[in-house]
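**Student:** What follows is each chain in one-letter form.
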Amino acid sequence: MTTANQAQNSQNNVPVPREWHTIKLIQNPYYRYGLIVATIAYFIFALTTLEVDWSRIYTGLPRAGDIFVRMVPPDFSRWSLLTRGILESVQIALAASFFGMILAIPLGLCGARNLVPKPVYLVARSIIVLTRSFHEIIIAIFFVKIFGFGPLAGVLTLIVASTNFIAKMLAEDIENMPAGQLEAIRATGASFPKLLIYCISPQALPRYLGVSIYRLDANIRHSTVVGIVGAGGIGQVLAATFTRYDYDFSLAILMCIVGLVFVGEFFSNWVRGRLR
Amino acid sequence: MLTITDLTKTYPTGTAALKGVSFSISEPQVVAIIGPSGSGKSTLIRCINRLIEPTSGSVVLENLNITKLGRRQLRKARRRMGMIFQEYNLVERLTVMENALSGRLGYVSFWQAFRRKFPPEDVSKAFQLLDRVGLEGYHDTRADALSGGERQRVGIARALMQNPALLLVDEPTASLDPKTSRQVMRLLVELSKEFGTLTLVNIHDVGLAQMFADRIIGLRLGEVVFDGTADQVTEQVLTDIYGEEDWSATIRKIPEGDDEDEDEGEATAKAAS
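First to last, the sequence lines map onto chains A and B. Under numbering that gives the first Met the number 0, the residue at position 102 of the first sequence is numbered 101, and the numbers go up by one with no gaps. Under numbering that gives the first Met the number 0, the residue at position 159 of the second sequence is numbered 158, and the numbers go up by one with no gaps.
Calculated from the structure, these hints are not laboratory results. Be aware that a few hints might be false.
[What the hints assert, rightly or not] Cut-off 20 Å, straight-line C-alpha distance, at most; resulting in silico cross-link-like pairs (SDA-like, lysine to any residue):
no., chain 1, residue 1, chain 2, residue 2
1, B, K75, A, L195
2, B, K75, B, N162
3, A, K23, A, L34
4, A, K117, B, R70
5, B, K75, A, K23
[What the hints assert, rightly or not] Far from chain A, some chain B residues (derived; all Cβ distances over 10 Å):
no., residue
6, T12
7, Q28
8, N48
9, S55
10, E97
The model shown is predicted, which means the values in this text are computed figures rather than measured ones. Glycine included, each C-beta is placed from N, C-alpha and C at the ideal position.
Can you make the complete structure from the sequences, with help from the hints?
**Tutor:** Put into structure tokens, the structure is as follows:
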């Protein structure tokens, strides 16, 4: 009886073809295709308005060739100036990373929504957003104007940049912590400082160190850049060689920067690998 | 020793999680709180140690009105209330020993906590408790290397390190397999008796509640709809708490009936957990 029923059922349930499509990002087809057409149209429009002065490119090319020719062979004869510049860059990077790491702790803690009252959170986040909205070069120009040429401006620039970078990462890391652990430690009757050192710091420390080391690596690169606007380090030496057409010395400096960044990257990866 | 009077909690969203919960427990025992998801079990437990601030009503533990305390006094009162969680909530990157000792954070100074220099009696008590919950030799293992059952045992040790008068236990077995669940519940009940604590257990599993609790409180939509002993839980009671369903298989029939794997429990506790 039941088997007969089932047989009949399956006969009646002739599979009706049913359609299925994935959900499109933009549901309305007019908007969807309209957007694609508009994008292409803008691209063509942008190309036509782009005033490429071909004659300037044409005259520039041999000049580029000239520069490259004058760059080789690289000139390492002024090695003392070179090493002094490199050392200054490394010192700028180290000092900036160190102070950045320290200043980032209070700023990062205050920027974690799950730890502090809302007003404190908003102030800390505003500071982070505000300092992030200016590129290092702009901050460097600002500090050079205040403190004059030299490494002090470079250090201060990179302290600002490092602090907000590490603080942002720290704050986000703390916000992503499972709420349960904080709850459990609070439930033991621990005060906020104890919560900090017994729960938050062990959980956040490895990533904080990883981010700081990454930032040190980034600071080595940035220290060569901020020098160009006069904030000390090898960048400043490099900028000077360009203005004096010492292209062979420029190449020597560039090669050293590549080597320095390479070493920094290698060191950073090595340390972060060990922190896992 | 614990009196809860007319406790209510309305969340900012407008959800009334507790609508005037009252009950009183006069002696150390195991009390299970059962009820469907959203009935307010977790909120109730957290309103007692004020991890969630109750909207109104009072909680009085050992003649101390918890709901009236300032922040500092509350921290002091929390030392006497151990808490055990469904998700264990250990500090993952710390060792088993550090996690167990975190139960003493309310008692030691900041510098002791910072340097992990706990008083020797705390350390030896932690060793004892870790042995007791079946984790001897695990003290330097990091918490994130443990299995669920092992983590919950550390959670129990941490709570007992507080020397609590009251244990608040939130779904201790919901993330564990049936066998480990029973072992953990048995351990919890044994230790509550040993330490003379009053133990409030939120639990989904009605069978486990009947097996281990001296008293059962049923919550539905933030109100107490049942308060009695395990034997008084009938199909009608379960219908009152959870709604219409065939409850005949859920009710415990023979008190010691389904205990057959319990005796080997201690021996296999570590292997299974």
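**Student:** When you check the alpha-carbon spacing of K75(B) and L195(A), does it fall within 20 Å?
**Tutor:** 18 Å, holds
**Student:** If we take the beta carbon of Q28(B), is the closest beta carbon in chain A still more than 10 Å away?
**Tutor:** Since the minimum Cβ distance to chain A is about 21 Å, Q28(B) lies beyond 10 Å and the statement holds.
**Student:** Going straight from one Cα to the other, do K75(B) and K23(A) come out at no more than 20 Å?
**Tutor:** Violated: K75(B) and K23(A) sit about 56 Å apart, past 20 Å.
**Student:** Once the closest CB in chain A is found, is it more than 10 Å from S55(B)?
**Tutor:** 22 Å, holds
**Student:** Does R70(B) sit within 20 Å of K117(A), going by the straight-line distance between their CA atoms?
**Tutor:** Within the cut-off at roughly 19 Å; holds.
**Student:** Could you let me know if the closest chain A CB is still more than 10 Å away from the CB of E97(B)?
**Tutor:** Answer for E97(B): violated, closest chain A Cβ roughly 8 Å.
**Student:** Beyond 10 Å from chain A, beta-carbon-wise, is N48(B)?
**Tutor:** Non-interface label fails for N48(B): nearest chain A Cβ at 6 Å, not farther than 10 Å.
**Student:** Please confirm whether T12(B) is truly not at the interface, meaning its C-beta sits more than 10 Å away from all C-beta atoms of chain A.
**Tutor:** Check passes; 17 Å lies beyond 10 Å.
**Student:** Holds or violated: K75(B) and N162(B), Cα atoms, limit 20 Å.
**Tutor:** 12 Å, holds
**Student:** For K23(A) and L34(A), compute the direct alpha-carbon distance and say whether it is at most 20 Å.
**Tutor:** 13 Å, holds
In summary, the numbered hints that this structure violates are 5, 8 and 10.
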